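Enquirer: In case you want the letters, here they are:
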Amino acid sequence: MAYIVVFAPLLAAMIAGLLQKQISDRTAQIITTGATITSTLCSIALFFDVIVGGNARTYELVEWMAVGGFEIAWAIRLDTLSAIMLVVITSVSSLVHVYSWGYMSHDPHRARFFAYLSLFTFTMLSLVTADNFVQMFFGWEGVGLASYLLIGFWYDKESANAAAIKAFVTNRVGDFGLVLGIMAIYVVFGTLQFDEVFMLIPQHAETTLNIFGMEFLALELIAFLLFVGAMGKSAQFFLHVWLPDAMEGPTPVSALIHAATMVTAGVFLVCRAHGIFELAPNASAFITMIGAVTAIYAATVGLAQNDIKRVIAYSTCSQLGYMFFAAGLGLYSAAMFHLFTHAFFKALLFLGAGSVIHSLHGEQDMRNMGGIYRVLPVTWIMMIIGALSLTGVGIPLMGIGFAGFYSKDMIIEEAFMMGRDGLPFGMFAFWIGMIAAGLTSFYSWRLIFMTFHGVHRGAPEVLSHIHKNGPVMLIPLTVLAVGAVFAGAAFKSDFVGKKALVFWGESLPAGPYAEGYYGHNVDYGDSRTDDHGQGAHADTPVTDDHGDTYESERHGHHHPPIWVLFSPFVATLLGFVCSWFFYVANPALPGRIAAANGPLHRFLSNKWYFDELYDAIFVRPTRWLGDLFWKFGDQKIIDGLGPNGVAATVLASARRIARLQNGYLYHYAFVMLIGVFGLILWLISGAGV
Amino acid sequence: MLGQLPILSAITFLPALGSVAVLLLCALMRDEDRAVADRNAKGIALFVTLVVFIFSIILLAAFDRHNADFQFVENVPWLPQLGINYKLGVDGLSVLFVVLTAFLMPICVLSSWNLDRRVADYMAAFLLLETLIIGVFCALDMILFYIFFEGSLIPMFLIIGVWGGQNRIYAAFKFFLYTFLGSVLMLAVMIVMYAQAGTTDIEALLATEFAPDLQIWLWLAFFASFAVKMPMWPVHTWLPDAHVQAPTAGSVILAGILLKLGGYGFLRFSIPMFPHASDYFAPMVFALSIIAIVVTSVIAFRQTDIKKLIAYSSVAHMGLVTMGIFTMTDVGMQGAIFQMISHGIISGALFLCVGVIYDRFHTREIAFYGGLVHRMPVFAALFGLFAMANVGLPGTSGFIGEIMTMTGAFQVDPRIAAGAALGVIFSAVYMLTAYRKVVFGKITNRRLETATDLNAREWINLGVLSAPVLYFGFFSTPITDTTRASVDNLISHYQSSLPVKAELPAETAPTEHVAP
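First to last, the protein sequences are chains A and B.
In case it helps, the numbering used here puts the first sequence at residues 114 to 802.
In case it helps, the numbering used here puts the second sequence at residues 15 to 530.
Note that these hints are calculated values from the structure, not bench results.
All the pointers check out, no bait thrown in.
Chain B is faced by these chain A residues, among others (derived, beta-carbon under 7 Å): (1) E176; (2) D269; (3) N274; (4) Y299; (5) L738.
Everything numeric in this text was worked out from a predicted model, so none of it was measured.
In this text, a Cβ means the ideal position worked out from N, Cα and C, and glycines have one as well.
Based on the provided sequences and hints, a complete structural model is requested.
Expert: In structure tokens, the structure reads:
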């Protein structure tokens, strides 16, 4: 069954891709969609088998590389972590496949599109089922390739091509770190197989590597390098520049790759290698910091974007920031939980946006929308559900809310707890998380209000010729909406609640909050032993020596103050009110602000000038260096002094020698004399020795 | 059974016989039958190269991969007064190169099918070239090696100089002078070695220990020759010119095989015969390799001529090879050999791709193209595959070589690996940019409207090349298992001749890495 999950999409991609000409577009669609749905059903079955049945296992398929200790095999590893990812990937992928039947119905290259989608699904699946770092890297680059192909799917568009290359290259910068991290793991541990590496981690807690004359703790260095890779793939601050541009691709792609699955690979990597990160407090602090900065950065930029997809893209970026600072604080299961819920509501928002764009014949600028809730009622409701879930609406203390409420509020609250325990950047992350929650609420509602409410600002004929979306596009929205509403409530106790310890098994630490709901006293006698069994937790401040203090602290530990529980709620409410004030009560105001073009607005709408900055420090110098090395280094110096110089010298001396042959006898005689003299000298000296 | 048959001689000299046959046929034909003669010349060339390829496969099948010694050895006295023998044999280091050469040659012949100028001579030159190159890999006598090594210059010189582009004479001479200068030094040093060891037998020389001081000089002279061939920075400038001017098939052989002679030379001579010097100079080789990887990648980014771009990218990829070889680790060295094989296929395929569009539009300017995907989708797909393989995407053979050589380098010093990885970023930049400019976008150039997609012959060529790129990308062990025994032997020999440096293998002492 595991084989079907992974290889059905590959097979479908190959058929659809290689036989484009031979089979019709419709056949290609049926094959790819059918394969993905089959894969989904199988992964749901596997999910229950692995988690409920407790059958975590690994299939080794065939050797990939084997040189000395450098042994890498293709494998399918099934444990809780990969089973969750399997379900998320295949289900969102199937929905996107189905949705694309409608969305791409006018495109002449449908077979190619579906082939790419299935190829992406395969590479993503091989990423999460890897049992070693190199296969993971295969999937990692493979999804990068699929992303490149899909961003540049409309290859006529210059901007799409540029965005595709930007995405690939930025990811390569991250991969630079990842690949070095992988090699460092090999050098330190002598293996790249997950289980073997994780088993050896405690032995290498003190191991150091010497680079540039400085000693680094190996684990810190590895953790840092791996995270650089994660930064690239998950569009974290500094390497985030590609994600907004990636919106050049078709919208279903944005939903699948740039929201629900691929961009979360970085979070997955950190969770998968949590054993390393737990013993790397400094690298974890760095992750927390970058995650928090990304969360706030992307949220601020999201405020000032007018392209509907870019708003959601920045929102994705920001939510990934949440996941990372959670992971940096050691809250791996909370990060995975947010990843899980985020997949539903963000895919929902993207597909909803796609539905709007499709209906409006490709219009993406929210300034040209407005008032379309009457013509697109289903999409409108779905988008509102998405927004409610994204902003994390729910009632604190009662624990009832949309999916985002459970995961996001939990991260914010736990960040507070971690900060109170003195983890670096914990409090920082908490405050940022809260402010970003307010901003999230603002831009989400701004999106809803600008798109669906008020008066229509675009050309009137667009509204009259609106394209009605059929059920093939609306059903996936509905399914995702169900997820966006209930995924949090349904899985909370598994991911981060009472059942978490059993749920995660060996694959992930259940987290300090796993003992129960806030305010509940539960017996966690066995949970403690399990916690210890998993090795040292960097995030638990007390060790097993003081079991009593541990226990009593844990009791008090999981009562975040009431104001902390309410603060995200208040921030969200505030964001909503502000948004309502600006975009419903006073709709002229934002336009005036934009027209005034104040420095803050300019700064935000230009995304903090990152593109310009990178252009100035990377792109242009590289070009200049290229020219320097080529025209000056290669042509002037090397060729000038080398072959061309030699040739010129030879030529010049040949002319000079030719001038000697002037026919005057005394010249020849003179030369002969010197020659003879030299010969004699040589003979004498030779004899003398 | 094969042990008795002189299979290596057969593989080596069959092309030369074919070459003679082609020339004879051409000489016997009347001028008015030129067309027939040309067709026959092509037929003979294709037939001979295919037969050689089949023989090489038989050779590979009969090759004992667990044996580190030379196999299929043929030894006939040649100049008994001087103790010089005609001695051939292959081991794990060389057998794959023989197969690679035999594999690429029929493709070269096929890709030159439309040639209309002096066809018979051209085919004869290629067949002769095949003999000489395979001879280099099989030779087990230093003088024999030298003759083949030098001899291979001549047909290549002619191929560039006669069938090349507009500036072919300059390029041909540059190519010849550079490589010749290197090999003159090598000849001088070979004489010194003969004087020292009293033999030119490579097997015997491998067992000879040269004085450490002498090794430095011997190593440097060999290095001069091999570094030019690789080519390493800063003696690489002949390569872009040679590639740009050479006909397509010439570029394929040049990039695919001739560059590998340098790497093979390091493995066969420099490291096993002069371990002290190799150890002494390794930091310099690393430095040059890193410079080559980074600098030429940046240069490639600025190229407007697509063949030059690929040529510069070849230099960068060869930098990985030299880096991997001199790590003296099993991963690094096996990775270097893998990288050579893989690059031989990938760069050959890329040059064929350029040849496809050059045949149609007679220009290599990137700016001329754009939007080819609309007219040539199959070409676009295959070109894309090879471009990605060149970038080192996992799942293609390009990745295996990269990751292995870099891992080996990381074991020696993480800084080297970091430098190499930097080049890997740039490779994506230049390759994807070039690909986008040629293939994607709208067709803005009217002349491209008439472009036709691959014909059957081009399809076969590129399709055949894409198979190993993908296959070895997913299953690398067929190659590494073949080279394993010989590489392990080489490393243990190397380690044992460096008694001072008690270096423990990586698995047992992974922690301390003192920067050199």
